[in-house]
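Participant: Numbering (this note's numbering), first residue to last: 992 to 1056.
Take these hints with a grain of salt, some might be off.
[Claimed, not checked] Derived Cβ-Cβ restraints for the label pairs, each shown as a range:
1) 1046 x 994: 15 to 21 angstroms
2) 1003 x 1034: 15 to 21 angstroms
3) 993 x 1054: 26 to 32 angstroms
4) 1052 x 1001: 18 to 24 angstroms
5) 1028 x 1048: 14 to 20 angstroms
6) 1013 x 1054: 14 to 20 angstroms
These are computed hints drawn from the structure, not numbers from a lab. Note that the structure is predicted; figures quoted are calculated from it, not measured. Using N, Cα and C, we set each Cβ at its ideal position, and we do this for glycine too.
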Amino acid sequence: MFLEKGIKVDTTVPVEDTFSDLDDVVFYEVAMSIEGTYLVTGNIKHFPINSIVVTPAEMVEILKG
992 MFLEKGIKVD
1002 TTVPVEDTFS
1012 DLDDVVFYEV
1022 AMSIEGTYLV
1032 TGNIKHFPIN
1042 SIVVTPAEMV
1052 EILKG
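Taking the hints into account, I'd like the entire structure generated from these sequences.
Facilitator: Structure, rendered in structure tokens:
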């Protein structure tokens, strides 16, 4: 399914932000690399404050328009 619906990202934007969980860095870098994307997470506190990092509830509101 990922191969059918996914978007291939060849390069990512390296970030200098501090992360409490280094496993989260790759998700943030990918989200920062593609214009118009959001990073939807239930652990928003693990990411830098940024308008692309949203909770699932915030994403629902964004999609409602």
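Participant: Are the hints correct? Go through all of them and say.
Facilitator: The hints, checked one at a time:
Checked against the hint of 15 to 21 angstroms, the pair residue 1046 and residue 994 fails, with Cβ atoms roughly 28 angstroms apart. Under the hint 15 to 21 angstroms, the C-beta atoms of residue 1003 and residue 1034, about 20 angstroms apart, fit the expected range. Residue 993 and residue 1054 have their C-beta atoms about 21 angstroms apart, which leaves the hinted 26 to 32 angstroms range violated. For the pair residue 1052 and residue 1001, the beta carbons lie near 32 angstroms from each other, so the given range of 18 to 24 angstroms is not met.
Roughly 18 angstroms separates the CB atoms of residue 1028 and residue 1048, a value that falls within the hinted 14 to 20 angstroms. The supplied range of 14 to 20 angstroms is broken by residue 1013 and residue 1054, whose beta-carbon atoms lie about 30 angstroms from each other.
In terms of the numbered hints stated before, the structure departs from hints 1, 3, 4, 6, listed from lowest to highest.
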